[in-house]
Amino acid sequence: MKFKVIKKDRQTKARVGKIALAHGTIETPSFVPVGTQATVKALSPRDLHEIGVQVFFANTYHLYLRPGADLIAKIGGIHKFMNWDNPIMTDSGGFQVFSLGLGKYKFKIGDEKTKVFFGQERKGITGEKLVEISEDGVEFKSHLDGSKHILNPEKSIEIQHKLGSDIMMSFDDCTPYPCSHEYAKLSMERTHRWATRCVRIHRKLKNKPHNLSQNLYGVIQGSIYEDLRIKSAQFIDSLNTSGIAIGGVSVGESKKEMYQVLDFVNPYLSEDKPRHLLGVGEIDDVFAAVERGIDTMDCVIPTRWARNETLIVSPETSRKEQTKTPCRLSIKNNKYIEDTGPIDQNCDCYVCKNYTRAYLNHLYRSGEILGIYLGTFHNVYFMTELFRKIRESILEGKFIKLKKKWSLQD
RNA sequence: GCUGAGGUGCCGGAGCGGUCAAUCGGAGCAGACUGUAAAUCUGCCGCCCGACAGGGCUACGUAGGUUCAAAUCCUACCCUCAGCA
Numbered sequence: 001m002k003f004k005v006i007k008k009d010r011q012t013k014a015r016v017g018k019i020a021l022a023h024g025t026i027e028t029p030s031f032v033p034v035g036t037q038a039t040v041k042a043l044s045p046r047d048l049h050e051i052g053v054q055v056f057f058a059n060t061y062h063l064y065l066r067p068g069a070d071l072i073a074k075i076g077g078i079h080k081f082m083n084w085d086n087p088i089m090t091d092s093g094g095f096q097v098f099s100l101g102l103g104k105y106k107f108k109i110g111d112e113k114t115k116v117f118f119g120q121e122r123k124g125i126t127g128e129k130l131v132e133i134s135e136d137g138v139e140f141k142s143h144l145d146g147s148k149h150i151l152n153p154e155k156s157i158e159i160q161h162k163l164g165s166d167i168m169m170s171f172d173d174c175t176p177y178p179c180s181h182e183y184a185k186l187s188m189e190r191t192h193r194w195a196t197r198c199v200r201i202h203r204k205l206k207n208k209p210h211n212l213s214q215n216l217y218g219v220i221q222g223s224i225y226e227d228l229r230i231k232s233a234q235f236i237d238s239l240n241t242s243g244i245a246i247g248g249v250s251v252g253e254s255k256k257e258m259y260q261v262l263d264f265v266n267p268y269l270s271e272d273k274p275r276h277l278l279g280v281g282e283i284d285d286v287f288a289a290v291e292r293g294i295d296t297m298d299c300v301i302p303t304r305w306a307r308n309e310t311l312i313v314s315p316e317t318s319r320k321e322q323t324k325t326p327c328r329l330s331i332k333n334n335k336y337i338e339d340t341g342p343i344d345q346n347c348d349c350y351v352c353k354n355y356t357r358a359y360l361n362h363l364y365r366s367g368e369i370l371g372i373y374l375g376t377f378h379n380v381y382f383m384t385e386l387f388r389k390i391r392e393s394i395l396e397g398k399f400i401k402l403k404k405k406w407s408l409q410d
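Read left to right, the first sequence gives residues 1 to 410 (the working numbering).
Treat the hints with care, as some may be off.
As the list claims (entries may be wrong) - The calculated lysine to any residue pairs, modelled on SDA-like cross-linking and capped at a C-alpha distance of 20 Å, are:
1. K7 - G397
2. K324 - D348
3. K332 - S314
4. K353 - I372
5. K13 - E396
6. K141 - S99
7. K320 - D348
8. K405 - C347
9. K41 - F81
No lab work stands behind these hints, which were simulated from the structure alone.
Input sequences plus hints: build the corresponding full structure.
Printed below as a string of structure tokens:
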């Protein structure tokens, strides 16, 4: 990987850069849609190209369970498997330690038991514990069939090597929120040990002849605690991975706390490494992250919202529509039944140029699959385009101006 | 015309003397969702008053009746559907 910072914003830490990879170059800042199962849900690679998506984010855990990393390797790697020849990032499965373990369960570190909370109970959780953490790694019970699987740093990286992604994440332990300092510290230290193991196995595997140029990002943890986040930033930065990811954010803490974490970490990250923010975000988060020096960020929001009747719009549009929450338009609302306007007045996407809210409303009401397709297309386009504008604004020295324009206040 | 089954809230469909303004679906109305166990989940969903607690009213084809008490029992009528003529 070659990473180059092309331009730095004068007033903020925002920067424009290029990440050159085996499958192409990513212009940053860039949004990274999530495509957990080797598909950005509802969109084809052709759509992604049309939208201008440069890279997306697949998942080790899911692809390992189905269809299996060996199968994908046998077929020629994830790019060939899914007909996408641009860059791909893969998550390590670390987040599933959190998301599958979440609920009213107890997390274990050795003999230490710490109670964790996560407000929302979700249907589909059987009440059974799907995750058991130990120093070696994590034992998962497959959410698909209940079978038991071990994921640890070595295995996660091996799988990611088999998948053949351009950027891999180190296997981390993502703590829930809230989380005691004591627990966060123990968990972070383990994440560091795991990161070291990831680096080691990555070096070993890198020498294998079949390997394309694959790159590893270390993942910073430490919950919301300043001392921990600093420690973690220093440690992960010292590992000399190609890039750095910030994890354990957007797990239930406030936005303010989340932005603080970025501020804590910032001074300790090498300028010449790309920084990825894991699992963020909404429009206001995007600006908050970019101005704190984030280069790439992945998030399920555009794709998931589109499946749940929520379309992303500009603050201007959402003000005009008096939406309950900024930048979200609930397309199924009965006020759009006869609305012949586009989703967003200022969006140039295929959907906004050719379809009315009335039609989208009808598709969603009817449960038609096309509604989800068009909605996803719009949402992903909207985020991709927003980042294009952000890049442009930084290059022109107008980032702050753009940020003000997109401000959710007033 | 005879025989049988049935008529319940926007729709489907439970309930078969009190705990029924009525289970449960669907539709409808709104909300949530941030490294995807998510095309998912949550709330509301007869009318009126109340911020809430709660209170009042009208309701289970229609009209009577029995009972302290009826969607639930009885009588008549009206209407559907199935089979036979």
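Hint by hint, here is what the structure shows:
1. K7 - G397: holds (9 Å)
2. K324 - D348: violated (24 Å)
3. K332 - S314: Satisfied, since the Cα-Cα distance of roughly 18 Å is no more than 20 Å.
4. K353 - I372: Roughly 17 Å separates the two Cα atoms, so the pair holds.
5. K13 - E396: Answer holds: K13 to E396 is near 15 Å, not above 20 Å.
6. K141 - S99: Cα-Cα ~13 Å, so holds.
7. K320 - D348: holds (19 Å)
8. K405 - C347: It holds: about 15 Å lies between the C-alpha atoms, which stays within 20 Å.
9. K41 - F81: Cα-Cα ~16 Å, so holds.
Comparing the model with each earlier hint shows a violation of hint 2 alone; every other hint is respected.
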